[in-house]
Amino acid sequence: MTLALLLLAGFFLPLYPLSVLPNALLQGRLSADAARRSGRRPGPGSKIPVLLIFPIVGVGLATLATHMDAAETGLPTLFGVWGGITSVLYAFRLLSAKDGQIWISHLFSSALALIWIGIAYGVDPLLPAIGLSVSLLPLVFMLDQLTRRFGIARSGLYPGLCCRMPWFSHLFELAVLTAIAVPFSPSFFAIAALAFGGVAADEVVVLLPICLSWLLWTWAGVNLLTGIVWGIPRDDLTYRDLDPKGALGVGGGMVALGIFGILLVEVAL
Amino acid sequence: MIAYAAYLLPILGLISATLVVLSAERLGERISSISVGFSLAIFVLALVLFIEQISTGQGQLATLGNVGLFSLYFDSLSALMALAVSTISLIVHLYSRRYMRDDPAYTRFFVLLDTINAMIMLMVLSGDLLTLLLAWHSIGIILYFLLNHDTRREASNRYAFWTLITHRLGDLPLMAAAALLYYSYGTLSIPALFDAIAADPSRNSVFGLPISEVVGVLVLIAAFAKSAQFPFHTWLPYTMEGPTPVSALMHAGIVNSGGFLINRFAPVFVQTDSVLQIALLIGLVTTIMGSVMMLMQSDIKKALGYSTMGQMGYMVMECGLGAFSLAIFHLIAHGVFKATLFLDSGSLIARARKDPNMPEGEIYKFMVERRAPKPPLSWIVFAGITIAAPLIIVVAAHQVVDEGFLSHQGAMILLLFGWITGAQTLFFVYKIGGEQPFKLLGYVILSFALVIVTYVLAGHTIDTLLYPDPVFREALYRAASLPAPMFTLLMLILVTLIAAGWLLVFWSTAKQEPLTRRYRDLYLSIYALMSRELYIADLYGRLAGFILARSRQLNALMRWV
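Line by line, the protein sequences are chains A and B. Number 171 in this note's numbering belongs to position 171 of the first sequence; there are no gaps in the numbering. Number 6 in this note's numbering belongs to position 6 of the second sequence; there are no gaps in the numbering.
Bear in mind the hints are in silico, worked out from the structure with no lab data behind them. It cannot be assumed that every hint is accurate.
Under 7 Å between C-beta atoms, here's a sample of chain A residues computed to sit facing chain B [claimed, not checked]:
#, residue
1, Val20
2, Arg93
3, Ala200
4, Ala201
5, Glu203
6, Thr218
7, Val222
8, Trp230
Backbone N, C-alpha and C define an ideal beta-carbon position, used for all residues, glycine too.
All chains, please: the whole structure from these sequences, using the hints.
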């Protein structure tokens, strides 16, 4: 029963190959045919439930399983190692992802797989899971804005946006930084909570995947910025920046996320 | 109370950045007045707090009530560093005001400059490990955006990426060190942690190794990445793509973070047996590489970049020898002179383009006309002066200021470097000859003596300021020591090699047969190797390409889900 629950949780807190399901959902592959038939472009609304509900369900199932693991089979530790490997695998694959949907789905899988380390080594996983998943929301929103403007959110197709869409670019930079867990984002504090809380049990198994994945996220984040924000803009495209009021609103939301991150670490540590 | 006043140092920087953003549309380029004004206020406040700290002498912790994060620890080290950072920041702000005029990203530049200064302040003042991590990570991120100032230029983007990824490589060991310390001692507060380590230093961590040794190595790696130490050095010389004020700030301020971090963790290093020797080795390699590469440059800014690398190597080496406070003195002195050199280099290049106007003195004849003068004295006599004079000056200066200093192994190695530096200068006098070689020789010896005496005096003052407890100072030197027989043997070999080397150089110069001609093939091989920086940057480039290709292959194989 414990094994079944943990495996089921692996769909919600991605564990490769179970992670294929949330990945396909986030990439819109499952709804692509329906969208094509109706002629409507799926908005960010379809991704938000996956980002917010999946981690909570996954944490719930995994917590239930660990409580049931009275015989202490060592299964959670095994799943912790599996989670670490999944995280590094997706972080590695993230490096070459150029499409926005794939980028978000791979980062989601890489980040949320780290929660297994917390589950295996006695860290309360709920707040870090929420911290990691809400940090992706601004980027989902910004990528949707790109899709609205250019038909596709893809790195390398329309470089140099900072010259043509400064408000958008500033927010896009912030959204990417928030997603890759730089300081003051909830994901930074979530990572800190996992590392500081889990290190007591096994230094190498806890710190190695966290550090490796984090490093690869940074690299991938810079790749994304390079292909979208920096460079020489194309002259054959029409650019439409965010209006300053809307941009301030989104920026305010990111500040609120930062405050949430600080609260998160205060509760977790 | 002063620890709470110290909160203003980073906060004022952040307020300045916010005001600049909000007033940019209304004030245009006049926003720089806001930034400079706040920078001046921060400098004045840092100065007042530094004076106050000297009079009280005790370190103080300030916290925000029950919030564990954002606590500040204000002691002599943070007070001195805050003053140094605010001074360099003020110089850079004043210079940027005019230098950056008409730049389309004028506002963004000042916002980022203010923010990075606030983060550096937060780093030097941080009273808990998490705040230190936040500030340490943030510096790398903001620096990435500062270096990407010219958003259209591919080279700016590429080197900004190199910088960020190297800094990130250093961020991770620091996080691991913080996590291990938290796990071992159950607190994030830096002063409480150091008290706990002093009370019980023998706790073990990874693979049963002592926690102090593991944390010491991790902190060193973090410091190496920020201070561009071998093999993390590749980012520093290439960051000239950013505006000159950013280069100045980076070379005078940010690269010094490594020295600060090692000093901050001195209570950990004092418990180690074989960690500081790593710092000595890496520092030595970096010093030699940086100095040799500096000599090979024809571009003044690149030469300054490699010089920073060499100086940072020297600073880390000082830590590796147990002379922690000397490293702080070094980083402050280096920060001030390097900021001035960088800021001056911009105008120098502009002036030289208009009018080369090189004064036709002895150096001109030697460097430009390549006229080899007749040596002023027998080479053996001059070699004797070259070897003896600097040695007498460095030993006498240390003996007068701090008699016990020479009993430390680290001090002996430092003297060795002082000796080599002095001898190098005197050799140059012999080489360029000139009409009044003895007058020149007298000037050089006098300047050298002045520099050494000032260095020793200032170093000794900072030593007693930062580490007032002589027992602790002694313990730091002990932690950096090698077994006595090994050290004696090492010293004998080094002294023999150096003295023989000088004799050989003098002899070949007197015979008008440079060693570079005699061993031409070897010289060219070394030149090629060093000009490619031992191919380390190429290796990183290849490795990055390989990783990206494998990532693409794997994604294709897994059909991108």
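**OP:** Kindly indicate which numbered hints from before are broken by the structure, ordering the numbers from low to high.
**Re:** Violated hint (a single one): 4; every other hint is consistent with the structure.
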